[in-house]
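Protein chains: 2
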Amino acid sequence: MHQILEMIENKEYKKLHQKLQTMKPADIAEILHNLSDKNFLLVFRLLPKDFAIEVFSSMDSNEQAKLSKLINIDELRELVKELNFDDKIDFLEEIPAQLVKRILQNCQEQERTLINQFLNYPEYSAGSLMTIEFVDLKKEMTVKEAIDHIRKTGFKKETIYTCYVIDAFRKLEGIISLKDIILADKNKKIKDLMEKDFISITTTEDQEEIAEIFKKYDLLAVPVVDLENRLVGIITVDDIIDVIEEENTEDFHKMAALQPTEKEYINSEVFSLVKQRLPWLAILMISATFTGSIIEKFESVLSKVTALTVFMPMLMGTGGNAGSQSSTLVIRSIALGEVECEDILKILWKEFRVSLLVGVSLAIVNFARIFFIENYSILIALAVSITLFITIILAEMIGGALPILAKLLRLDPAIMASPVLTTILDTLVLVTYFSISKIILNI
Amino acid sequence: MHQILEMIENKEYKKLHQKLQTMKPADIAEILHNLSDKNFLLVFRLLPKDFAIEVFSSMDSNEQAKLSKLINIDELRELVKELNFDDKIDFLEEIPAQLVKRILQNCQEQERTLINQFLNYPEYSAGSLMTIEFVDLKKEMTVKEAIDHIRKTGFKKETIYTCYVIDAFRKLEGIISLKDIILADKNKKIKDLMEKDFISITTTEDQEEIAEIFKKYDLLAVPVVDLENRLVGIITVDDIIDVIEEENTEDFHKMAALQPTEKEYINSEVFSLVKQRLPWLAILMISATFTGSIIEKFESVLSKVTALTVFMPMLMGTGGNAGSQSSTLVIRSIALGEVECEDILKILWKEFRVSLLVGVSLAIVNFARIFFIENYSILIALAVSITLFITIILAEMIGGALPILAKLLRLDPAIMASPVLTTILDTLVLVTYFSISKIILNI
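For the record, the sequence lines run as chains A and B.
To convert, note that position 243 of the first sequence is 243 in the UniProt record's numbering; the numbers rise steadily by one, no gaps.
To convert, note that position 307 of the second sequence is 307 in the UniProt record's numbering; the numbers rise steadily by one, no gaps.
Think of the hints as simulated: they come from the structure by calculation, not from any bench.
Since the structure is predicted, the reported quantities are computational estimates derived from the model, not experimental observations.
Once the Cα atoms are required to be at most 20 Å apart in a straight line, the calculated SDA-like pairs of lysine to any residue come out as: (1) A/138 <-> A/171; (2) B/24 <-> A/337; (3) B/275 <-> A/393.
Assemble the whole structure, with the sequences as input and the hints as a guide.
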């Protein structure tokens, strides 16, 4: 990085040009990310054409958009033309429709139709993830013929490691790995080697489901077919890794009460960050009115024993933390497919036993602290510790059950995490606290 | 599933045997997961031997451990012998040392040494992820010779799609994809085709870093070398997908104040779940003593205007939620490599502007609610709303900065999420609240 900047500053363009060619495209994309617009363009134009295309493919969509504003339309057209088909679609999906139109102006009618068809697949569907650059074989081919066919057509394919056997109507009849082809007798027929019992998905399949399939079966690529079982594309594992990270990011965000977005945090505008945060914060703030009205209702209790206020934050905080622990465990287990809705009783029973042990332990520590160290009356220590015990049981059982209930209601379990749960628990904890205090302290 | 159970019940073992052979190993593993011990063993023994090995590889470690208790040592030995090398190591890593010893008893000296060497690599390191089943080529080979070599040795390799060129001392000189070999002229030499400027990692590299490399460069496999640059193994992308999910689970757990564990929630013992939760809950509970002592200090303020207590939970809750939003955004950005430590000022400036907008909006809504709807005095409404505004600013700036500070201190940013942050914020919010109330209400 430092070296590159130095060469730019000293205008050692020839040296820079040579240096860039020894680097990996992904590393150059990373460097471009950190350059000013002017230097960004300068470095990009120093790249040999083939290499520039690879670097462009390695950039994230923000950088690609930035570059497309810096270069002129002819350069852009040239660049897009050479991209792999799925990278091309990814890029065109992200830029304004007007620009897409201008880029595709000089395209052949047939390709333009195809691109527009792909741009119409719903976001996050198999259709928008797949590429058309796969190797297709015929079942009557021999291994030798298949290899010759791969050698002739393989250059611009996304992968040649899984090949797809289709009939005259493009119906998918089987799949075969290059490994099986290479290791087989040269005179054998593809139809005798191919896997007929293969996994395929349709164009409308959701990306989360597709990622599950890749994880379960350890696949490198999966074929995508239309409703008539005609092969329309393939999805490769490198794109699925991105999907997995996207889905995880979405869960992290939902669990923190953020509206999901695809934009990188560091490149987001202030206003879009506000939009991402404000709705849930406002909803949760207004829901917290409940806790206020409970305190109002029990104001007489609090005014008689003001010491009770001292332990309110600790009780609510511990309840929130305990609930967040169990809900996170269950939310994550659902996401990884380890837990199903029918496990709800098993979860409640497990959480009940765990919360008994955790509750008793914390209540004892807490009692000791309040009574022996802080020298409050034994009745206050008792009221607080019993509340804490009940709080833990409520928090862990509700925390464990809510994500499953969300799933049963076809909501995303992730929204039942800490913020929503804490708001519910705060109310319950306060009611428990004041009711128990009233009884024990005889107010 | 239902069908399988029916066949077991009706003792239609022949039909079951046939049915199983039409299924995918991963699907059978899933079914076994849900069977009783007796049926588990019955179904497993109905599988043809080769197929049983594939099913075993598809099982998770809990199921593998279960099976290893159900079958006798000879059967187990037979099974382990046939596993892929990396699956073998994964399995042996998970079972008691005593059992490992018994399984390896009849092994050849050389293999036992190799296995023990692999078992000694630190968990989560490249050494424990890699396999030795790769294709090695010599640089003097022609393409034709290389293909012949692959055909001869490729059967039991984890992948043949990336081949490794080594010298007589097993030093790694280059890598070459099967695609490049297949598409090249048959008489060309491997040394003229191979990539000399390749990415490799050492045996001690952490799995999180390795996953980053796969994501950045879209790799299918990466070579692992020792300190003398001798090739000792390779890591393939299917294992990396598991690593990515493991690392994400770890982050989810840490962010909810859970001690990380590799065990599935639903199969965990109650006691181990307690161990996972109790330490942080206790630490956070004791830290909450701070909030208590602040309330004690300001007890005179509270006893004069008991209405102030009503808004405590709302203020602390909103502070916690706002902090959790910004810390989650930054923690996730760090995990995805989008944010570096040097971005801290950029983050603070961004968070400052976001929190101004969010804070003003929420403060206005809040003021309206307290003054117009709930009919509290204008001074109380003012005190609460100003506190809310300051709370949001503190929460978002601290929430944004803490994960970066953690990273600077070489701690995991994920521990700075909601629970830890909320405990810090609770204290700050209460001090702000009481100080501002004292001034505005002139107590």
